[in-house]
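> Here are the chains, one letter per residue:
Number of protein chains: 2
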Amino acid sequence: MDLSPTAYVILGMLRDGPRCGYEIKSAVDNSTRFFWAASYGQIYPELRKLSEAGLIEGRPDARGDRKRVEFKLTAAGRGELGSWLRRPPETFELRDEGLLKLFFSGAVEPEDAAATLRAMREHHRAVVERLREIEPNATAAGDGYPLLVLRGGIEYNEWLADWCERMERDVLAEPAEERSA
Amino acid sequence: MDLSPTAYVILGMLRDGPRCGYEIKSAVDNSTRFFWAASYGQIYPELRKLSEAGLIEGRPDARGDRKRVEFKLTAAGRGELGSWLRRPPETFELRDEGLLKLFFSGAVEPEDAAATLRAMREHHRAVVERLREIEPNATAAGDGYPLLVLRGGIEYNEWLADWCERMERDVLAEPAEERSA
DNA sequence: GCATGCATGTAAGGAGTTACATGATTCA
DNA sequence: TGAATCATGTAACTCCTTACATGCATGC
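Going down the list, the protein sequences come from chains A and B. Using this note's numbering, the letters of the first sequence correspond one by one to residues 1 to 181. Using this note's numbering, the letters of the second sequence correspond one by one to residues 1001 to 1181.
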């Protein structure tokens, strides 16, 4: 079967118990969003489609007068999740405006390139902070994979921040024009 | 001024001399595409818009009967490029299907998680190979920034591949269920 | 003569974000 | 009572990719 990218995040988020759209969204925001985001504009229409395809099942579960629909995987949905997890990953995409600016920095002063690197570094440091905050969540998960991924994210952002720091020094020490000579 | 993301790649690619759309596309494919891609479907319409906005200027430059239009930055275009380069970067996006699969791997066997990591590792190793092939291009550039970015890309993909290797060992050594205990 | 590369473009569609609209509940 | 949180959903829009269409030039 060939589902939309977002469909798999949803199936995955339902892997150990029912959840409503709102909870799926916040689970994503507190975990996968650093490498796989999803917005309400995708989630709700996708829940409907998955439901129609028989991969998930919704059950009304109002809290008082506030309505709420809880979705859970069907057998078919669990099968589809497993078969996707066993296929090799295809998508790896990076979109880094900082690197793009750095790439073109021959058109500006070395100080400007250094400022770009500084901004990049600060961004990655901030992500590290945020990930450390989330760590307790991941620790509480049913299996160890979310924690493994989270710790990977911390190391990854630290590596990136360190790279930025090194390059900042390089760029200020020997401006690019000299280095290329 | 507020231009589309693709607009800046184009302005940047014109930073040291005129180029036609086809050349911009192949320059992107041989350099920035690993962190900032662009397709013909974006490039040609954007060239028109930038031209209408007075940031670039097209000059017909047919090669025999094969038509060709060469674009170069106007003074305004060069100004806009510089002002963008001096603003801090905003976009950093990662979309990694492998990490997503790994995150949900509690639903499959440890061997499946290891297979995902192996595929990820192979991908990053292959990118390293490809980047090494491109290295001579970057070395030839007018300033040192493209080379700095390229070498960063090599280190980055090597780091990722190594991380995958480490995690592959971890996952096989102590399955996730135990680790979380 | 044919494949590959050079060169320009468009149409259709998929994917995703933002902003909006609506309304209940909870807690300070 | 008012802010934050829970909860569902849609409309408009941007961005981007893929596939197609066209045709000349070059080199084997």
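None of these hints come from the bench; they were simulated from the model. Cβ atoms here follow ideal geometry from the backbone N, Cα and C, with glycine treated the same way. Please note: incorrect hints may appear among the correct ones.
Unchecked claim - Below, a list of computed lysine to aspartate or glutamate pairs in the DMTMM-like style, where the Cα atoms sit at most 25 Å apart:
| # | chain 1 | residue 1 | chain 2 | residue 2 |
| --- | --- | --- | --- | --- |
| 1 | A | 72 | B | 1052 |
| 2 | A | 25 | A | 2 |
| 3 | A | 72 | B | 1109 |
Unchecked claim - Derived, one-sided and incomplete: chain B residues facing chain A with beta-carbon distance under 8 Å:
| # | residue |
| --- | --- |
| 4 | 1034 |
| 5 | 1038 |
| 6 | 1040 |
| 7 | 1088 |
| 8 | 1089 |
| 9 | 1095 |
| 10 | 1097 |
| 11 | 1099 |
| 12 | 1143 |
| 13 | 1149 |
| 14 | 1159 |
| 15 | 1162 |
| 16 | 1167 |
| 17 | 1168 |
Claimed, not checked - Some chain B residues flagged as far from chain A (calculated, every beta-carbon gap over 10 Å):
| # | residue |
| --- | --- |
| 18 | 1001 |
| 19 | 1021 |
| 20 | 1062 |
| 21 | 1069 |
| 22 | 1078 |
| 23 | 1104 |
> Each hint: holds or not?
Each hint, compared with the structure:
1. A:72 / B:1052: 52 Å, violated
2. A:25 / A:2: This hinted pair holds, its Cα atoms lying about 22 Å apart.
3. A:72 / B:1109: Roughly 21 Å between the alpha carbons, so the hint for residue 72 (chain A) and residue 1109 (chain B) holds.
4. 1034: With a minimum Cβ separation of about 7 Å from chain A (threshold 8 Å), the hint on residue 1034 (chain B) holds.
5. 1038: With a minimum Cβ separation of about 11 Å from chain A (threshold 8 Å), the hint on residue 1038 (chain B) is violated.
6. 1040: Violated, because the Cβ-Cβ distance from residue 1040 (chain B) to chain A comes to roughly 19 Å (cut-off 8 Å).
7. 1088: Holds - the Cβ of residue 1088 (chain B) comes within 8 Å of chain A, reaching about 4 Å at its closest.
8. 1089: At about 4 Å, which falls below the 8 Å cut-off, the nearest Cβ of chain A leaves the hint on residue 1089 (chain B) intact, so it holds.
9. 1095: 4 Å, holds
10. 1097: 4 Å, holds
11. 1099: 5 Å, holds
12. 1143: Result: holds, 3 Å to nearest chain A Cβ.
13. 1149: 5 Å, holds
14. 1159: With a closest approach of 6 Å, the residue 1159 (chain B) hint holds.
15. 1162: 10 Å, violated
16. 1167: Holds - the Cβ of residue 1167 (chain B) comes within 8 Å of chain A, reaching about 6 Å at its closest.
17. 1168: 11 Å, violated
18. 1001: The claim holds: residue 1001 (chain B) sits with its nearest Cβ about 16 Å from chain A, beyond 10 Å.
19. 1021: Its Cβ never comes within 10 Å of chain A, the nearest being 18 Å, so this holds.
20. 1062: Holds, since 29 Å exceeds 10 Å.
21. 1069: Correct as stated: the minimum Cβ-Cβ distance to chain A is 22 Å, above 10 Å.
22. 1078: Violated, because the least Cβ-Cβ distance between residue 1078 (chain B) and chain A comes to about 8 Å, which does not exceed 10 Å.
23. 1104: With a cut-off of 10 Å, residue 1104 (chain B) comes too close to chain A, as the shortest Cβ separation is near 4 Å.
Hints 1, 5, 6, 15, 17, 22, 23 from the list above are not met by this structure, while the remaining hints are.
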